[in-house]
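Chains A and B, in that order, are what the protein sequence lines are. Just so we're aligned: 331 in my numbering is position 289 of the first sequence, and the numbers increase by one with no gaps anywhere. Just so we're aligned: 879 in my numbering is position 315 of the second sequence, and the numbers increase by one with no gaps anywhere.
For the record, the hints were derived by calculation from the structure and aren't laboratory data. Everything numeric in this text was worked out from a predicted model, so none of it was measured. A portion of the hints provided could be inaccurate.
[As the list claims (entries may be wrong)] Computed spacing ranges between beta-carbons, pair by pair:
| id | chain 1 | residue 1 | chain 2 | residue 2 | range |
| --- | --- | --- | --- | --- | --- |
| 1 | A | Ala485 | B | His743 | 30 to 36 Å |
| 2 | B | Pro848 | A | Val316 | 44 to 50 Å |
| 3 | A | Arg314 | B | Thr886 | 47 to 53 Å |
| 4 | A | Leu130 | B | Pro848 | 55 to 61 Å |
| 5 | A | Pro131 | B | Thr618 | 52 to 58 Å |
Note that CB positions come from ideal geometry on N, CA and C, so glycine has one too.
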Amino acid sequence: MRRLLALLALAAGPVLVLGVLFVLPVTGMVSEGFFVDGSFAPGAVLEVLARPRVHRVAWFTVWSSGAATLLAVVLGLPAAYVLHRLALPGRAAVRAALLVPFVLPTVVVGVAFRQLLGEGGPLGFLDLDGTPVAIICGLVFFNLAVVIRTVGVAWESLDPRPGQAAAALGASPSQVLRTVTLPALRPAIVGAATIVFLFCATAFGIVLTLGGVRYSTVETEIYLLTTTVFDLQAAAALSVLQIVVVVALLALAARLRATPDPTAHRTVTPVRAVRRGDAPAVVATLVVLVAMLLPILTLVLGSLTVGDGWGLANYRALTTTGDNQALLVPVTAALVTSLRTAVDATWMALLVGVSVALIVTRRSHSVAERRVRSTLDGFFMLPLGVSAVTLGFGFLITLDQPPLDLRDSPLLVPMAQALVALPLVVRTLAPVLGGIDDRQRQAAASLGASPLRTLVTVDLPVVWKPMLAASGFAFAASLGEFGATSFLARDDSPTLPVVIFRLIGHPGEMNYGMALAASVVLAAATTLVMLAVERLRVPGVGALA
Amino acid sequence: MLQLTDVTVRYGDTVAVDDVTLDLAAGQVLAVLGPSGCGKSTLLRAVAGLEPLTSGSIGCDGADLAGVPTHKRGFALMFQDGQLFAHLTVARNVAYALKLRRTPSARVAARVRELLELVGLSGYDDRLPGTLSGGERQRVALARALAVEPRLILLDEPLSALDATLRERLAGDLREILHAAGTTALLVTHDHEEAFALADRLAVMRDGRVVQSGAIDEVWRAPVDEETALFLGYARVLRGTAAASVLAAAGLPAAPAVAVRRSALVVDEAGEVAATVESARVTPEQVRLKVVADGLGAIDAVAPLGTRVSPGDAVRLSVDVTRLAVLPIRPPA
């Protein structure tokens, strides 16, 4: 009982933070739809859900996300194998490079694909610009890293001996893959697919930049309904729909994740030399790599194109406010804002994330305690799937009166971004902390170490590197965050993604060039952070899902 | 049926298996015994086709196995912790190889029943590996390996993950099952008890080389050098005058070195060696003594249960000739 109370006391801080900054805004946004003139009117919401356009939007969300998920898994599996199991020169660098798209600002991905597929682009002849195919390509590009990372890490720590036993019993390599390896990887694959589906279904920047108004997902529809049509009821109805689906998916993912096999033990299998049988996987990986490189390359080349020649004019223009006064502040000022915001968001996400990770991974002594811990675990994952647009709009309508008037606070945007980054931080740290044998802590305690001292001497030495990595993730996620920020950033202090989106939408040739150049700058910044993160990775743990 | 000729496996500069030549006749069980890191597991993996040879050849029934991939060798491999397929039930684990060969399902069911009975696990069909004890997992692994009557079964320390009682019981069963099925087996282990429990023939391996091989009792009776003797379970090696006096007491011709077991010296009133008891400890089989013997110094000895001796007592010891081994003279290095 005392342990349970202590646990609840420890959890109070993070729960309060998430309560005020997440639950309050989201419920505020939702109740906006359910209450008309102060009275409860659910009928209007049901009416919204019956609209043909809503059906179309929901169906498009489901099938485009499903197709993108399937494609990401199919393309990601061979790459996960090649990059995590084979001794290839430079695979560490390739792995780091493959992570970049995941943290690339969604707006940048959108811009890069428009540049690639649009009129005059290298793949313009395919006539895919503005089609669902373009959106799906963008989503796959963005999420492939999740599959490669999650499945690759699981593959790395897979004991090779059951496969060898199967081979000795007469199973050919493809039979071993089908009957032993893939079933063993199933939790990782399903976990990755769930997360990817979640990311696709709530994708905002990519769909908004690639789909325009013709193709809308639930997420962009919420945005359009709140900002252009001002139909808050419809937006709230869609938010509720989204939250229900997301919670169901997260619960499913948690169930699938929580089936550890007591006989399987975690090893880090040494990589092996490439054999002839690996050729198909290696070729598939190369194709994937080239396909991933193409949009980025087009983006960089586009940013260096001035008129019919080459030059740095687009970059020089970043100190201006663009043609036709597209912006209120120069792009360089937005970059400074972005970096400062990211620093604030990072420390906030880390502060909350570390305490959450500690709380949810400590060993439970009773059933009640375990229930509390797993409930908390699920609760802190919620921001992963709840629409950033809902969150941003909820901030605006609930945190606008004393004592919580944060509208003019410079911390408003960082707080929203920290919430979006929180699940990443927890998912990076929790597996590492959970992997520490609890008997080490017991041994330390029996030798006379206080709980604090145990934390410093047992947990900290293991977790400090992943903590740096988590900061990197949080920083990168914050740099690229667009959904919530687009609502919350004030016009005179926008972040870089917001500026890029505004530049694309504003007429003027220079503006588009500037958008490309700003995208490259933003991509470069996130890449640098991710390269640092990859150096700090602990093999075998610290997946995203 | 299995011939290893000058087999060498190198990892970069390290030689894991160095010029090993071994022969294994059909129906025999050969144990490769050696300390950890001696290359025995690499040798096993090379036979399984999981490790490419640097030089030499492995042949089976007269056919060279070079270039034959693991799954076409017709062997079976059993690891120390079973390595069952965690997502399949016991019955499906056992049926795995049968299914690969597209055996009709009625035959599969019959064979699975037969095998589970053989390993003493009837009725375990629908259990998942995670719910089994270590010994049960090993039995399932054995049934799985035997399912398609492999030409050769490769055992990687099959019993070492089990506790002592279980190990002894399963060792007896395993030996019976292997003999009943007439299976040829190659076993690698660091535990001489495991080797003695299962094998007919023994090869002692050290630093990648086979230092001695032969029928298990021959190797046991005549270890080739001191390290081998100690590894086989001899307590110590006596040299010079100590060796001479022990051999004389046993009525054997003098030799420069002799390996003795702990039980080579037995308290016996008619014995030829005089000694003083230092300490005594009762075990279920005998009384174990530490004594200081004339001409031998401090050494182990045993007495039959019920013998009353206490520290300081003077005793006489006889030498049990079956519990010592004369070591051949090592050629000068």
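Hints, verified against the model:
The given range of 30 to 36 Å is broken by A:Ala485 and B:His743, whose C-beta atoms sit roughly 47 Å from each other. Range check, B:Pro848 to A:Val316: about 57 Å between beta-carbon atoms, so the 44 to 50 Å window is missed. At roughly 49 Å, the beta carbons of A:Arg314 and B:Thr886 sit within the given window of 47 to 53 Å. For the pair A:Leu130 and B:Pro848, the supplied restraint of 55 to 61 Å holds, since their beta-carbon distance comes to about 59 Å.
Checked against the given bound of 52 to 58 Å, the beta carbons of A:Pro131 and B:Thr618, roughly 23 Å apart, lie outside it.
Figure legend: structure checked against the earlier numbered hints; hints not met, in rising order: 1, 2 and 5.
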